[in-house]
Structure formats: C-alpha cells, structure tokens
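Visitor: Sequence:
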Amino acid sequence: MTGLAVGTTYFFSLLASLTLFYCIGKAVRWYWVRSFIPKNFFSDIFFSLLVGQIVSVFLYTIFCSKGQTIQWVFLVPAFFIMRKLNKNQKVALSRNTCYPKLLAILAVVLICFLWEAVFFLRADGFPFTLTFIDNVYYSKLAHFLGVTGQENYWCMEDYVLGKDAEGIALYHFYEMWLGSLLSRLFGLLTLPTFLLVAQPTFHCIGFIGVLALIEHFYPQFSIFQLIIAFLLLFVSAVYFQFYGKIEFLKYADIIFFNFLSHIAKKTGIYYVLLLAFVLLLHQKQRIIAFSTLFCLPIMTVTAFPFLVGGTGLMLFISFIFKILERKEVYVLALFLFVFVVSYLGIYLLLRDTNAVMTPTYALSGFLKNNLGEWWTKIKLIVGTGMQVGLLLSPFVLLILVSVKPQQLVLIWKEHSIAFIFSLTCLLAGLMTWAVLNQIEDMFQLFLVTLSVLNVIIIYLIISYVKIFSFSSWKQWAINFTLCVVLIYNVYQQIERQKFQYPQRQSPLNLYAGYSEKYLTQLSSMIKKETIKGLGGSLIAKADYENSPYAILPHIMRLGEYLGLMSNDCYTVSLNDLDLPDNKLIREHYLIKLPFFYFVEEQKKRGEFKDIDSSQIAFIQKYQVRFLIVSKNAQISEALQSLVKETIIDEMSGEKFLLLF
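For the sequence shown, our numbering gives the first residue as 155, with consecutive numbering after it.
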C-alpha cells in the first residue's frame with residue numbers, strides 16, 4: 155500500500171473513533187448529567203468527546219486488566235462531579251445546527267491528522283518513516299497491554315517468559331490503553347495507530363476546546379477563528395537561537411513546549427483537561443473544574459506531584475486570604491484527601507512489589523548528574539523560574555499592553571484562582587523536579603507544569619487581547635505582533651517535529667539509515683508469514699556503547715521498524731550486558747529482561763556454561779524465529795548453524811537471520 159492509501163485508512167479510523175467517543179460521551183452526559191449540557195456548539199462537542207474517550211478507555215481497561223488497574227480512581231472525580239451536578243439547574247441544549255461549525259470540526263480533524271501524517275507517511279515505497287524510539291516503545295507497550303492485561307512496564311517481557319502479572323505500575327498508561335483500544339477496534343498496526351489515531355484524538359479534542367473558549371467570547375463563527383485557534387495551540391516559551399550563546403539561557407530551549415510538541419506523546423491529555431478546567435472555571439464551576447482536572451494523575455503519574463502539591467498550596471493560600479468561600483475550600487480539601495488516599499491505596503494494594511520504579515529510575519544513579527547539592531537545586535528552582543518568565547514574556551507583555559491599567563485589578567479578582575493555581579503548580583513542579591531529579595529525563599516533571607501556564611495564557615489572549623478586533627492602529631499592531639510570534643513558534647515546532655521522524659535513520663542512532671529495499675523486502679516476508687513471532691537482537695559492543703540509549707537495555711533492541719509491519723513480530727535483546735553490578739539494578743530492572751532472567755535461572759540450577767550456549771538454549775526454549783544482528787556484531791559457529799537464510803541491508807550493514 156502507498157502512503158496515501160495507508161493515510162486514508164488511518165484518517166477515517168480517526169474520524170470513526172471521534173464519532174464513537176462523541177456518541178458515548180453524549181449518551182453518558184444526557185443520561186446521568188443532563189444538568190450540565192452547554193448551550194455552545196463547540197463546548198458541547200468538546201465535553202462529549204472528552205467524556206466519551208475517558209469512559210471508553212476506562213471500560214476497556216477494566217475489561218482487559220480484569221480490574222487490576224489504577225484507572226479505578228476515575229470513580230473519585232466522577233462521584234464528586236455527579237454530586238455537584240445534581241444540584242445544578244437543568245439547561246436545554248440549543249438544537250440549531252451550524253453547518254459551518256460542522257465543517258470546522260472536519261477541518262480540525264484533517265489538520266491534526268496531517269500534523270503527524272505529513273512527517274510519518276511516505277508517498278511511495280515503504281509507506282512509513284521511522285519514528286522516535288520512545289514512540290516505538292510506547293506502541294509496543296500499548297500492544298502488549300491489550301494482549302496481557304498487565305498494567306506494567308514489563309508486560310511484553312512477562313508475555314515472552316510466560317509469567318503471570320506481579321502487579322500494576324504507575325506510568326502514563328492511559329494513552330497506551332487508548333492506542334491498544336483503537337488498534338484492536340479497527341484491526342490496525344499499533345504503532346501507526348498510536349501516532350495517527352490515538353494521539354490526534356487528543357489534538358482534535360484540544361483544538362475544539364480552544365474553539366469552545368473562543369466561542370464563549372465571540373459567538374459568531376468565522377474561518378479566521380479556526381486559523382487563530384490553530385495558532386494558539388503553539389502558545390509556549392519563545393526561544394531564539396541567539397539565546398544559546400547566553401550562559402544563563404544556554405539550555406532554555408528545552409522549555410519550548412506546546413500542545414503539538416513531540417513530548418506531548420506523553421502529555422497530550424494535559425492540554426485537553428486543562429482546557430476543560432478553564433472552561434469550567436469560566437462558568438464558575440470550581441468544584442467540577444478541579445474534579446475534572448484530577449483525572450490527570452490517573453492518566454499519567456507525572457502529573458501527581460505538581461497537581462497535588464499545587465492544589466494543596468493553592469487551597470492553603472485561599473483559606474488564609476479568603477480567596478475562595480470556606481465551603482468550597484472544605485469541599486476541595488475533602489476531594490483532595492479522598493483522591494490521594496484512593497490513588498495511593500489502590501496502587502499499594504495492586505502494585506508490583508518487585509518493580510517499584512520505572513526502568514529509567516532504576517539506572518538513574520549511574521548517569522552523570524550535577525544536581526547533587528541542595529544549593530545547586532535551590533539555584534536551579536530560581537533560575538529556571540526566571541527563564542520561564544523571560545521566555546513567556548512576549549505573550550505576557552502583549553496581554554498587558556492590550557488592557558487598561560485599571561482593568562488589571564478586575565482581571566486579578568476575576569481570575570485569581572487560575573493565577574494562583576498556575577503559580578503554585580509551577581512552584582510544585584520546579585521543587586519536585588529539583589528535589590527528586592536524578593536524571594535529565596525527569597525534567598518532564600517540570601515541563602508538564604508549563605502546560606498550565608500555556609493554557610492560562612491562551613485563555614487571557616482570547617478574553618482580553620481582542621484578537622478578532624481591528625478597531626484601531628494599536629489593535630492592529632498587537633494582533634500582528636501576536637500572529638508573528640505564534641507563526642514563529644509554528645516554524646520552530648515544525649523543525650523539531652523532524653526530530654521524532656528521522657527518515658530512514660535508526661531510532662537507536664546505530665546507523666545512518668536503512669535502505670528502501672531492505673524494509674520493503676522484510677515487510678513483504680512478514681505479510682507472507684515467512685517472518686513472524688519472536689526474534690532476537692544482537693548489537694556489537696561498540697555499537698551498543700555509541701548509542702544514547704545504551705543505559706536503557708529494555709529499549710536497546712534492533713527491529714524498531716517491525717512495529718510498522720506487524721503487531722506480532724518483536725524482538726528481545728540477547729546481548730551480554732556490561733552494566734554496574736548493583737543489587738538495585740539486578741532486582742528491580744535487569745531481572746525483568748527475558749534473556750538476563752533466563753541466564754540467572756540457569757546459574758541457579760548450575761546449568762550455565764557460557765553466553766553463546768545460553769543464547770542457543772534461549773532460542774530453542776522460546777522458539778525464537780529470527781535474529782537481527784548489527785553490522786559489527788559477531789555470532790558463534792553454533793549459532794550460525796541455526797541460520798536458514800540471511801538478508802543483509804546494503805546501507806546499514808544490518809543482518810536479518812531466519813532461523814531453523
């Protein structure tokens with residue numbers, strides 16, 4: 155199939171999934187919460203899609219995992235929302251159909267789909283571009299979540315070894331459950347489904363959420379609103395290249411983070427729920443707003459520290475300075491307490507006691523780290539906070555210029571909760587990252603808090619900048635400047651989008667790339683089932699050490715392209731790992747890797763001879779059908795005797811060996 159044919163299939167799958175979510179969400183809201191059906195067209199679509207997606211993933215997860223999941227905690231915010239909604243006055247939904255708005259929804263879906271498809275799909279030859287290694291890992295987790303029902307980082311490894319689940323883990327599993335659901339529902343490959351269907355559902359719902367915000371202030375729809383809504387998705391830190399020459403701002407480019415950033419593969423749902431939060435706050439539904447927002451830690455554990463800490467600090471400030479009514483403070487404090495107890499209680503009850511940390515955490519002590527001293531951490535908090543203020547200043551200045559000085563007090567009174575919450579979340583995120591950080595990857599604990607600031611800025615731009623008004627030269631200048639800044643951010647993000655789609659380059663950075671002939675041949679053999687099932691991966695020591703992922707053996711497996719050809723072809727590493735002999739790593743990380751576990755069991759039984767013999771024994775026991783060997787890797791004569799056919803990639807030098 156060509157890229158166009160593949161793209162058409164996935165585009166209509168995206169449309170179908172959104173239609174399904176809307177119907178489910180609409181039915182749930184109409185049956186249980188008829189008291190809260192927004193009059194506005196885009197708000198109704200937005201909340202129906204959000205509710206439908208959450209309900210669909212929740213039911214699918216409960217079914218697949220047989221109840222062994224953290225997703226049960228969704229019932230806590232649902233209970234508080236239902237209790238609050240039952241007291242509201244019923245509002246009838248306007249039945250007027252606006253066909254231009256329906257066309258706008260279709261345009262939203264097309265734009266969000268093309269944002270990924272333009273980079274991911276190819277017009278001829280092998281239809282896909284290789285993608286960022288994290289996407290490969292997430293999609294593989296998504297597939298095996300559905301196969302095993304184990305909400306755990308090691309569901310694939312346990313499946314290979316035939317082991318039962320030892321408990322749940324905390325991660326951003328929600329998006330992977332979503333990918334698994336949609337892949338199985340439409341019978342598609344999990345990796346392309348994850349990138350072209352699952353992730354764009356977040357983008358589409360978020361895009362519609364921005365349109366819903368605009369609709370509250372500008373009810374008369376126009377195409378210009380659609381264009382501005384798209385640009386507002388890129389509200390974020392504004393980074394210029396010359397900042398890299400300034401010592402204080404040398405690493406500030408990492409703060410460039412928006413809704414369509416590649417890191418949003420972990421945090422796309424943040425914007426969706428934050429937009430729901432802002433829409434509900436705008437309607438004075440504070441209890442419902444915070445209850446909705448607290449779905450985030452269930453979807454991705456990285457939200458737990460900053461959201462719980464930020465909300466707790468906000469409630470304390472609100473209580474002291476009487477910003478909220480006492481009753482609201484008490485209800486929100488009760489909700490926070492019940493949520494935290496339920497969250498931790500379910501996790502402690504169901505957790506995997508032998509894998510209490512992510513693979514990255516387990517190896518964190520062996521990465522270079524200059525953040526060990528407390529004074530360094532304090533300077534880090536202050537310095538990063540100053541960088542955030544500087545990089546967001548273009549938007550803040552445009553907002554300040556757009557309002558009269560006497561309006562500032564009124565704006566503060568009107569939105570004090572949102573402002574205080576965004577600042578307390580920023581502080582909680584900075585402190586969490588600085589105190590707990592052992593590795594650079596944990597910067598995302600802070601990055602996700604930037605989405606709070608970005609959404610608040612989006613709201614302020616829509617409500618106060620008057621971007622749809624051109625009544626004066628001053629307004630023309632403000633609107634023009636805002637559009638220029640946003641278009642610059644779009645350009646920056648397009649350049650960064652190429653990072654996660656490195657053309658034919660190996661995602662592990664082992665080779666410059668794979669040849670078209672090699673990928674097409676393997677794809678054809680997989681379709682004919684000449685290649686299927688479990689495979690092994692062998693990487694030369696020099697190649698292994700040169701990869702930036704060398705410290706993450708669970709990711710260091712050749713065959714990253716297999717997920718673009720089949721859901722049922724995958725590899726495990728057969729490498730002899732040269733890592734520090736540390737008890738923590740052995741008991742909580744390496745022991746989970748199939749080949750390492752196999753060798754350790756051999757040693758316990760006194761059957762271990764050498765690595766070559768163990769490789770052959772592993773291949774025979776687990777029926778490994780093929781072996782992928784890096785260019786410089788050598789295999790033993792005994793292993794070579796098992797090879798039936800060899801395919802060599804002329805570009806990378808990689809060898810694909812069919813066994814038996």
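Derived from the structure by calculation, the hints contain no laboratory data. Treat the hints with caution; some may be incorrect.
Lysine-lysine pairs mimicking PhoX-like chemistry, simulated, CA-CA at most 20 Å apart [stated by the list, open to error]: (1) 558 x 476; (2) 620 x 686; (3) 238 x 558; (4) 255 x 317; (5) 567 x 481; (6) 180 x 238; (7) 238 x 420; (8) 681 x 671; (9) 238 x 567; (10) 686 x 558; (11) 671 x 775; (12) 785 x 671; (13) 567 x 682; (14) 558 x 620.
Computed spacing ranges between beta-carbons, pair by pair [as the list claims (entries may be wrong)]: (15) 182 x 722: 53 to 59 Å; (16) 745 x 376: 56 to 62 Å; (17) 182 x 730: 51 to 57 Å.
From a predicted model like this one, the values you see are computed outputs, not experimental measurements. The beta carbon of each residue, even a glycine, is placed where N, CA and C say it ideally should be.
Visitor: Give a verdict on every hint.
Guide: Consistency of the hints with the structure:
1. 558 x 476: 27 Å, violated
2. 620 x 686: 58 Å, violated
3. 238 x 558: 37 Å, violated
4. 255 x 317: 51 Å, violated
5. 567 x 481: 19 Å, holds
6. 180 x 238: The given pair, whose Cα atoms are some 19 Å apart, holds under the 20 Å limit.
7. 238 x 420: Answer violated: residue 238 to residue 420 is near 31 Å, above 20 Å.
8. 681 x 671: Distance ~15 Å between residue 681 and residue 671 Cα, so the pair holds.
9. 238 x 567: 24 Å, violated
10. 686 x 558: Given that 20 Å is the threshold and the Cα spacing comes to 67 Å, the pair is violated.
11. 671 x 775: Distance ~32 Å between residue 671 and residue 775 Cα, so the pair is violated.
12. 785 x 671: With Cα atoms ~17 Å apart, residue 785 and residue 671 stay inside 20 Å; holds.
13. 567 x 682: 67 Å, violated
14. 558 x 620: 13 Å, holds
15. 182 x 722: 53 to 59 Å: At roughly 34 Å between Cβ atoms, residue 722 and residue 182 fall outside 53 to 59 Å, so the hint is violated.
16. 745 x 376: 56 to 62 Å: About 60 Å separates the Cβ atoms of residue 745 and residue 376, which means 56 to 62 Å holds.
17. 182 x 730: 51 to 57 Å: This hint holds: roughly 53 Å between Cβ atoms.
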